[in-house]
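Chains as they are written, first to last, in this note's numbering: chain A, 1 to 201; chain B, 1 to 155.
Among these hints, one or two may not hold up.
Simulated restraints, written as ranges between beta carbons of each label pair [to be verified]:
#1 Asn-70(B) x Gly-115(A): 53 to 59 Å
#2 Ser-164(A) x Lys-144(B): 31 to 37 Å
#3 Pro-60(B) x Val-112(A): 36 to 42 Å
#4 Tyr-111(B) x Ala-182(A): 23 to 29 Å
#5 Glu-85(B) x Gly-47(A): 47 to 53 Å
#6 Met-43(A) x Asn-133(B): 50 to 56 Å
SDA-like cross-link-like pairs, simulated, lysine to any residue; straight-line CA separation at most 25 Å [unchecked claim]:
#7 Lys-86(B) x Ala-69(A)
#8 Lys-82(B) x Asp-72(A)
#9 Lys-170(A) x Ser-117(B)
#10 Lys-166(A) x Pro-81(B)
#11 Lys-84(B) x Asp-72(A)
#12 Lys-144(B) x Gln-98(B)
#13 Lys-100(B) x Ile-89(B)
In short, the hints are calculated from the structure, not lab data.
Bear in mind that the values here come from a model prediction, so they are computed numbers and not experimental data.
Glycine included, each C-beta is placed from N, C-alpha and C at the ideal position.
One-letter residues, chain by chain:
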Amino acid sequence: MKFALFALSVLTLSTANSPTKVDGYKIGDIATDFSLPNVDGDMVSLGDFKDAKGFIVIFTCNTCPYSVAYEDRIIALDKKYKSRGYPVIAINPNDPAAIEGDELADMKVRAVEKGFTFPYLQDVGQQVYPQYGATKTPHVFVLQKEDEKNIVRYIGAIDDSSRSPKNVTKRFVEQSVDGLLAGKTLTITRTKAIGCSIKKL
Amino acid sequence: MKPYLLHVVLLFASYLFSQTTEVIYLDYPQLQPLLHQNSESVQVVNFWATWCAPCIKELPYFEELNKLGNVDVLLVSLDFPKHKEKRLIPFVEKHKLQSKVVHLDDEDENYWINEISATWSGALPASLIYSQNRRRFYEQSFTKDELFNEVKSYF
Numbered sequence: 001m002k003f004a005l006f007a008l009s010v011l012t013l014s015t016a017n018s019p020t021k022v023d024g025y026k027i028g029d030i031a032t033d034f035s036l037p038n039v040d041g042d043m044v045s046l047g048d049f050k051d052a053k054g055f056i057v058i059f060t061c062n063t064c065p066y067s068v069a070y071e072d073r074i075i076a077l078d079k080k081y082k083s084r085g086y087p088v089i090a091i092n093p094n095d096p097a098a099i100e101g102d103e104l105a106d107m108k109v110r111a112v113e114k115g116f117t118f119p120y121l122q123d124v125g126q127q128v129y130p131q132y133g134a135t136k137t138p139h140v141f142v143l144q145k146e147d148e149k150n151i152v153r154y155i156g157a158i159d160d161s162s163r164s165p166k167n168v169t170k171r172f173v174e175q176s177v178d179g180l181l182a183g184k185t186l187t188i189t190r191t192k193a194i195g196c197s198i199k200k201l
Numbered sequence: 001m002k003p004y005l006l007h008v009v010l011l012f013a014s015y016l017f018s019q020t021t022e023v024i025y026l027d028y029p030q031l032q033p034l035l036h037q038n039s040e041s042v043q044v045v046n047f048w049a050t051w052c053a054p055c056i057k058e059l060p061y062f063e064e065l066n067k068l069g070n071v072d073v074l075l076v077s078l079d080f081p082k083h084k085e086k087r088l089i090p091f092v093e094k095h096k097l098q099s100k101v102v103h104l105d106d107e108d109e110n111y112w113i114n115e116i117s118a119t120w121s122g123a124l125p126a127s128l129i130y131s132q133n134r135r136r137f138y139e140q141s142f143t144k145d146e147l148f149n150e151v152k153s154y155f
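So that you can see chain A by itself, here it is in the shape it has in the complex (with noise of 0.2 Å):
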């Protein structure tokens, strides 16, 4: 164990400082399954939502204050849409021996005082960003269900404007999801906004 966790180690730190070629997913390709471990306790995986006709996927974090800043619309995204078939599952990309606060002791901690209405996973072993690309807190990928398969139809921000709520003009991922239950060809694909590295030894 202790050898694997070495060669782990020496494998991320090979690749820590060097330019960052994401490749991840593009719009179309199909986002694999996971079960990661929520701050509930239970391990949840996409198929434990048989009736849901797609997801939010948002990798987010305890200790980036963009990811902070999102908090509420994230929850206030989830309220809006779980009940329409697309919940939010907040993943947590972070090591938490690499930045103090993202334990999922702390994730629990959090889910609680800010009453999260949806899974907050932690991506034990960053197994799982990495597939879908994420480079940073916050960063979305909503997907669609058809036939079994989670299908990536949008990848970025939550909105046009991380900083002030009261300033947003373009909800990119509720246009998104609005889109998807209209049976629309989504328009905007992708959009960017700032946000924290991922945090890894």
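Chain B: place on chain A using the hints.
Frame of chain A; chain B shown alone:
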């Protein structure tokens, strides 16, 4: 119109008294020319914020770079506007930053992130290095050696 004029005046004032520790507030159209300077020196632009731990770790390397005669360093802070007075300015003063510091206060991130570099996902820290014949964006942290070696490759 008036706030814009004020910006311009402040910009010129800060050039005149460029002892730094002064933080200029810019929107993207005002920042844009600073990312396209026609200079003999290598231009190094670092995007950072006081709350970004890996940014703070590498900041001293950029300060050291700035001491070299033929490198100009520009530190572009992405701190929240509400934290300008309470966090950004005290940080700049406490650490006596000598590089030019500007605060990018422009909400339309989806626009200007792509304008700065199509390859930037928006994660911090990030840096832009350019000279008259080469330009590259780096969405990554640097060690001191990595940064100095990278900048050397522009000469």
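Query raised in the report: Given the hint that Lys-82(B) pairs with Asp-72(A), does the C-alpha gap stay at or below 25 Å?
Result: It holds: about 18 Å lies between the C-alpha atoms, which stays within 25 Å.
Query raised in the report: Do the alpha carbons of Lys-166(A) and Pro-81(B) lie within 25 Å of each other, as the hint requires?
Result: At roughly 14 Å apart (the allowed maximum being 25 Å), Pro-81(B) and Lys-166(A) satisfy the hint.
Query raised in the report: Has the given pair, Lys-144(B) with Gln-98(B), been kept, meaning a C-alpha gap of at most 25 Å?
Result: 17 Å, holds
Query raised in the report: Asn-70(B) and Gly-115(A), beta-carbon distance inside 53 to 59 Å?
Result: This hint holds: roughly 55 Å between Cβ atoms.
Query raised in the report: Should the hint that Met-43(A) and Asn-133(B) are 50 to 56 Å apart at their CB atoms be regarded as holding?
Result: 54 Å, holds
Report task. Please test the hint of 36 to 42 Å on the beta carbon pair from Pro-60(B) and Val-112(A). Result -> 38 Å, holds
Query raised in the report: Can the suggested window of 47 to 53 Å be confirmed for the beta-carbon pair Glu-85(B) and Gly-47(A)?
Result: 49 Å, holds
Query - Pairwise hint evaluation, Ser-117(B) against Lys-170(A), where the allowed Cα distance is 25 Å at most - result: With a Cα-Cα distance of about 22 Å, the restraint between Lys-170(A) and Ser-117(B) holds, given a limit of 25 Å.
Query raised in the report: Is it true that the C-beta distance of Tyr-111(B) to Ala-182(A) lies inside 23 to 29 Å, as the hint says?
Result: Given range 23 to 29 Å: holds, Cβ gap about 27 Å.
Query raised in the report: Using the C-beta atoms of Ser-164(A) and Lys-144(B), is the stated range 31 to 37 Å upheld?
Result: 36 Å Cβ-Cβ, so the 31 to 37 Å window holds.
Query raised in the report: Does the alpha-carbon distance linking Lys-100(B) and Ile-89(B) stay inside the 25 Å limit?
Result: Answer holds: Lys-100(B) to Ile-89(B) is near 13 Å, not above 25 Å.
Query raised in the report: Regarding the pair Lys-84(B) and Asp-72(A), is the alpha-carbon distance no greater than 25 Å?
Result: Within the cut-off at roughly 23 Å; holds.
Violation of the numbered hints given earlier is absent; every hint is satisfied by the structure.
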